[in-house]
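> In terms of this note's numbering, the sequence shown is residues 385 to 641.
These are calculated hints, taken from the structure and not from any lab test.
Among these hints, one or two may not hold up.
[Unchecked claim] Lysine-lysine pairs mimicking DSS-like chemistry, simulated, CA-CA at most 27 Å apart: (1) Lys629 / Lys587; (2) Lys500 / Lys486; (3) Lys634 / Lys601; (4) Lys472 / Lys618; (5) Lys472 / Lys486; (6) Lys632 / Lys472; (7) Lys388 / Lys403; (8) Lys584 / Lys527; (9) Lys416 / Lys503; (10) Lys584 / Lys448; (11) Lys527 / Lys475.
[As the list claims (entries may be wrong)] Simulated restraints, written as ranges between beta carbons of each label pair: (12) Ile641 / Asn436: 33 to 39 Å; (13) Glu604 / Val391: 27 to 33 Å; (14) Lys416 / Glu556: 41 to 47 Å; (15) Glu623 / Glu521: 29 to 35 Å; (16) Asn479 / Tyr525: 17 to 23 Å; (17) Asn512 / Leu412: 42 to 48 Å; (18) Asn529 / Met598: 38 to 44 Å; (19) Ile467 / Lys403: 28 to 34 Å; (20) Ile559 / Ala393: 33 to 39 Å.
Think of the CB as a built atom: it goes at the ideal place given N, C-alpha and C, for glycine as much as any other residue.
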Amino acid sequence: MNKKEFVNAIQYDEMQVAKIYENLNLCLRIGKTVFTDQFYSPNVWAIIEKMNLDCNVKSYGIFKESERRIISFHSSYEDNDYIDYPIKVIKITNNSKFRELKHQDYLGALMSLGIKREKFGDLLVENNFCYIAGFDEVLEYVKNNLKQIGKNPCTVEILEEYQDKLLDYEYEEIIIQVNSLRLDNIVSQLTNNSRSNSEKLLKNGMVLVNYVEMNQKSSEIKLPSIISIRGYGKYKIEEIIGQTKKGKEKIKIKKFI
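All chains should be modelled from the sequences, with the hints used to inform the complete structure.
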């Protein structure tokens, strides 16, 4: 695949995509693993993973089901079972007992330090803690400079080891009933919208299936799959658990919280 084909295949900033292509070429030239120097959203890494390239491609964001990930290119001669990614996790502790901090508070604090959004990945907030994936040098900077968020004092530590619980999102389990596994049926149930309104979401590019935009309403969903609907949330479509008396499929779903 040449550079023009690569760039045209991805709906993203052209200069950034060209930079990713340079990473790919560098890997092919030196025969060693090359990492991107920023995190990308699913509309970039999910497409690249599906490309037929002359090297192995992986995306990684530390957390299970990460949306924002870095991309790595590997020579077929390398051992891809163990990859030393240049990213870690920091744990920010809110030391105030009076004001709870939310996702946007932590994100705003990072941005106020002059760090570009592309330099860190997903943020997971749990009680008075926030876990953030980021590049090693960026996390060191955050550790040394972030002392408070708003008026809330905080402490920052870089985690060298991660507990399994830390690596996963929290879910709310729900059950929906659909006539079939058509995408428009599932979107309608997840958003509590009519079929016609669900079709509008699809046509307007608001629905991603396994992180790739999908606008064909009649597409059959394979299980398990991840469906993201802008404005509504992200869902893991897990399994069929039975049928209703009227013959509808009962599907177990985990909604990301």
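> Could you check the hint for me, namely that Asn512 and Leu412 are 42 to 48 Å apart, CB to CB?
46 Å, holds
> Keeping to a limit of 27 Å between CA atoms, is the pair of Lys584 and Lys527 held or broken?
Given pair Lys584, Lys527 is violated - Cα atoms ~45 Å apart, limit 27 Å.
> Are Glu623 and Glu521 spaced within 29 to 35 Å by their CB atoms?
42 Å, violated
> Can you confirm whether the C-alpha distance between Lys472 and Lys618 stays at or below 27 Å?
Given pair Lys472, Lys618 holds - Cα atoms ~24 Å apart, limit 27 Å.
> Is the gap between the beta carbons of Glu604 and Val391 within 27 to 33 Å?
Holds - the Cβ-Cβ distance for Glu604 and Val391, about 31 Å, lies within 27 to 33 Å.
> Decide if the proposed pair is consistent with the structure: Lys584 and Lys448, CA atoms, cutoff 27 Å inclusive.
Judged against 27 Å, a Cα distance of about 30 Å means the pair is violated.
> Should the hint that Asn529 and Met598 are 38 to 44 Å apart at their CB atoms be regarded as holding?
Holds: the Cβ-Cβ distance is about 41 Å, inside 38 to 44 Å.
> If you draw a straight line from the CA of Lys632 to the CA of Lys472, is it 27 Å or shorter?
Violated, at roughly 45 Å.
> Just to be sure I understand the hint, the distance between the Cβ atoms of Lys416 and Glu556 should be within 41 to 47 Å; is that true here?
Between Lys416 and Glu556, where Cβ atoms are some 43 Å apart, the hint holds.
> Just tell me: holds or violated, for the beta carbon distance of Ile467 and Lys403 against 28 to 34 Å?
Taking Cβ atoms as reference, Ile467 and Lys403 lie about 20 Å apart, which means the hint is violated.
> Hinted pair, alpha-carbon criterion (27 Å max): Lys416, Lys503. Please report holds or violated.
23 Å, holds
> Is it true that the CA of Lys629 sits at most 27 Å from the CA of Lys587?
33 Å, violated
Violated hints for the displayed structure, listed by number in ascending order: 1, 6, 8, 10, 15 and 19.
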